[in-house]
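Take the given structure of chain A and dock chain B to it, following the hints.
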Amino acid sequence: MPCSVPSRGRTSGSDGRMAERFPGTIIVSAVNDPLVEAAHLYKRFDKLQAVDDVSLSIDPGETYGLLGPNGAGKTTAISMIAGLLEPDSGTVTVAGTQIKPRSTQGREAIGLVPQDLAIYPDLSAEENLMFFASLYGMSKRDARARADEVLEVIGLADRRKERTSKYSGGMKRRLNIGIGLLHSPRLLILDEPTVGVDPQSRNAILESVEALSGGGMAVLYTTHYMEEAERLCDRIGIIDSGRVVAEGTTEQLISRVGENDRVRIEVTGSVDAAIGHIRDISGVVEASTEDHAIVVMADDGSRHLPAVINHLVDGGAQVGSIEVTRPDLEAVFLHLTGKALRE
Amino acid sequence: MTRNGRAHVAPKVWTMARYNLVRMFRERINLFFVFIFPVLIIAVLGVQFGEDNAPEVGVAGTGEFVDDAAERLEETGSVEVRRTGVSELEDLVAEDTVTVGVVAPDDASQMLRDDGGVQLRMLLSSTDEAAQIEGVVTRAFESAAVVPSVIGQLRAASGAESGEVAEVVGRTAEALPDIEIERVLPGGEDAEQSFGFEQIAAGMLLLMTFLNTLTGAAALIQSRTYGVSRRMLASPTSVWTIVLGEGAGRWFVGLFQAVYIIVVSAVLFGVEWGDLVSVIVLITVFALVAAGAAMLVGALMHNDEQAAGVTVMIGLGLGALGGTMLPLELFSSTMRAVAHATPHSWALEAFTEVGRRGGTIVDILPQLGVLLAFAVVFLGLAAWRLRVTLTRA
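Protein chains in written order, with our numbering: chain A, 1 to 343; chain B, 1 to 393.
Just chain A, with the same shape it has in the complex:
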């Protein structure tokens, strides 16, 4: 079920609270110019066209989701945006600076949280943060102050001196994100940050991301979890086989496949007599059979369910399990690509 989607370019509503929670974050009030502009990115590895004409733009304070299955080209795309990978063609501009792999220009504006953990296990959380702070050119005093803030935010302040090899998977993930936040980037790139994380840590990570975008930081978030994209992202780009096949808010994307619910009822016995009657119910758009089940598309599945069951029982069929699915990004992905998100 789609949850409420925040509006783009949010301003002062939650900024005060977020700025208090993340004192180092940048509050951007002007949203006229996109912070990130990626134009016509292409990348080929041997015979595989990993990224195929990907273009996207992200405003300050916006959370942009790149949703697609494993191997869709998400990581390759963000590697080019982060300046780690040279595109075959296309350009990336972040905060007005063109990002090029052979130049360090513009990197201060970007915080990268890679999919795999990128921390030293033989250093403590504090040492890891101080190490990366230095690479971003922060003075020792600033680095220490900012490390303190980040450790509070990621909930590791009381275990800051422990070697990270002793941390749980969730704690390591949080530190992994904390390093990306350390220098208060204007764009935070999170590459599937919840993969392999327990539900509790996952929720904590999602809450942190929500708070960050509220603080004015632009977030580029890749995932193959539809629920995360729906929950976090102002706009979503659906990517498959290296191409962004659709882009928009969750509502805009769902509207592309219609607003109908999908009701699937497992049955035994004949449904031939009933199916004609079901199609005649007002509000039912379509009814069809699928293996040992009948699938009904209707504007409000739950409301029409009793009438549908009555027709089936009257026709001599026995009703088994019932599933009502509201339209979501999974359905959008299925509609656009002909395959499930997690295939």
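Don't read these hints as lab results, they were simulated from the structure.
Please read these numbers as outputs of a predicted model, since none were measured by experiment.
By construction, the Cβ of each residue, glycine as well, lies at the ideal position given by its N, Cα and C atoms.
Please note that the accuracy of each hint is not assured.
[As the list claims (entries may be wrong)] Below, a list of computed lysine to any residue pairs in the SDA-like style, where the Cα atoms sit at most 20 Å apart: (1) K166(A) / L123(A); (2) K47(A) / R243(A); (3) K166(A) / D198(A); (4) K100(A) / R387(B); (5) K100(A) / W384(B); (6) K166(A) / R23(B); (7) K166(A) / E126(A); (8) K140(A) / A17(B); (9) K161(A) / R26(B).
[To be verified] Per the computed footprint, the stretches of chain A lying under chain B, defined by three or more beta-carbons under 8 Å from a beta-carbon of chain B, are: (10) 84–95; (11) 107–121.
[Unchecked claim] Distance windows between CB atoms, simulated: (12) A340(A) / F32(B): 51 to 59 Å; (13) A10(B) / A145(A): 20 to 28 Å; (14) G196(A) / I36(B): 34 to 42 Å; (15) A39(A) / I361(B): 51 to 59 Å; (16) A10(B) / T97(A): 18 to 26 Å; (17) T91(A) / F35(B): 48 to 56 Å; (18) F32(B) / S241(A): 51 to 59 Å; (19) N303(B) / A157(A): 30 to 38 Å; (20) D46(A) / V312(B): 30 to 38 Å.
Frame of chain A, contents of chain B only:
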């Protein structure tokens, strides 16, 4: 809050080097290889080559002849002489404390001058060295017997006064020309110097410095496999800075290792390394070569286990080929030419120039130039390879 990345290369290099060292010394085994192992090696060499290790020859007896023989034995440099009584000497030989013992009659000098023979009793220990030392001892006593025997023979033949004969023979013996023996090796080098402790200490310094620095390749591989290097590249940090930062940690280790060996060998074994400035520059540049090699191996290898085997193989192989285990003078001319493909042989030449021939930094400029070229090539290749590795998808 952040500053321009390009302008702050030095602090970044220092940070990387510092944390590199912190991570290295959190592994206790590395403490052993940096601090303990070189001392053990030096101690073993010290015992093997130090002056105190010469076999002892015990001499029981008094008189001019015995004193002269003992002095001749000392002058050979092959043995230490211990003057003692007969019964104590027998005990020392029995327990192998003394390799060879000689018992001479107290009136041996007079017996020789009286035209008589002298019977010496030689006690041999059960050590392997006893048979070798026996020859040295025999020659020393035979030499010492020449003058009193000739005095006795001449006095008997001429009937002259004993004191007069002794004076003539003594003058004659002093007037005889000395026979000097120069031992040389193929290539013309002095054998005594080539096998000197300085030479071996320099070889060990180069071997250990290179080997211990090279094993730091694992640190770069770990940074890569942890994903930290790639993340570093996403920051305002260039590949060159990463290579220099990671390499600087190894360079510190190499430099420390070399200084440590120089100090320990000088203090414990009296090794003289020569002109201090030249030695400092030389070990600085050689440690840079080793750090460059470590970075190159770290950029080429895929995992620590693979690197561990390769670094030991390369470290020992180049060390052996470069003359750190056996003097280059013992190599054939072809192998000596091949040895110059290693940085070790150039550094060893420079150590020889400074330590043995009293050379200064001007005298070793060619060797320093070659070593710097090695360092630049290694670091350049490492930077190129690291970029290729880190910027793959």
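Do the hints match the structure? See the list:
{"no.": "1", "hint": "K166(A) / L123(A)", "in the structure": "10 Å, holds"}
{"no.": "2", "hint": "K47(A) / R243(A)", "in the structure": "16 Å, holds"}
{"no.": "3", "hint": "K166(A) / D198(A)", "in the structure": "17 Å, holds"}
{"no.": "4", "hint": "K100(A) / R387(B)", "in the structure": "13 Å, holds"}
{"no.": "5", "hint": "K100(A) / W384(B)", "in the structure": "17 Å, holds"}
{"no.": "6", "hint": "K166(A) / R23(B)", "in the structure": "15 Å, holds"}
{"no.": "7", "hint": "K166(A) / E126(A)", "in the structure": "14 Å, holds"}
{"no.": "8", "hint": "K140(A) / A17(B)", "in the structure": "16 Å, holds"}
{"no.": "9", "hint": "K161(A) / R26(B)", "in the structure": "14 Å, holds"}
{"no.": "10", "hint": "84–95", "in the structure": "holds (count 3)"}
{"no.": "11", "hint": "107–121", "in the structure": "holds (count 11)"}
{"no.": "12", "hint": "A340(A) / F32(B): 51 to 59 Å", "in the structure": "55 Å, holds"}
{"no.": "13", "hint": "A10(B) / A145(A): 20 to 28 Å", "in the structure": "23 Å, holds"}
{"no.": "14", "hint": "G196(A) / I36(B): 34 to 42 Å", "in the structure": "41 Å, holds"}
{"no.": "15", "hint": "A39(A) / I361(B): 51 to 59 Å", "in the structure": "57 Å, holds"}
{"no.": "16", "hint": "A10(B) / T97(A): 18 to 26 Å", "in the structure": "24 Å, holds"}
{"no.": "17", "hint": "T91(A) / F35(B): 48 to 56 Å", "in the structure": "53 Å, holds"}
{"no.": "18", "hint": "F32(B) / S241(A): 51 to 59 Å", "in the structure": "54 Å, holds"}
{"no.": "19", "hint": "N303(B) / A157(A): 30 to 38 Å", "in the structure": "35 Å, holds"}
{"no.": "20", "hint": "D46(A) / V312(B): 30 to 38 Å", "in the structure": "36 Å, holds"}
Checked against the numbered hints above, the structure violates none of them.
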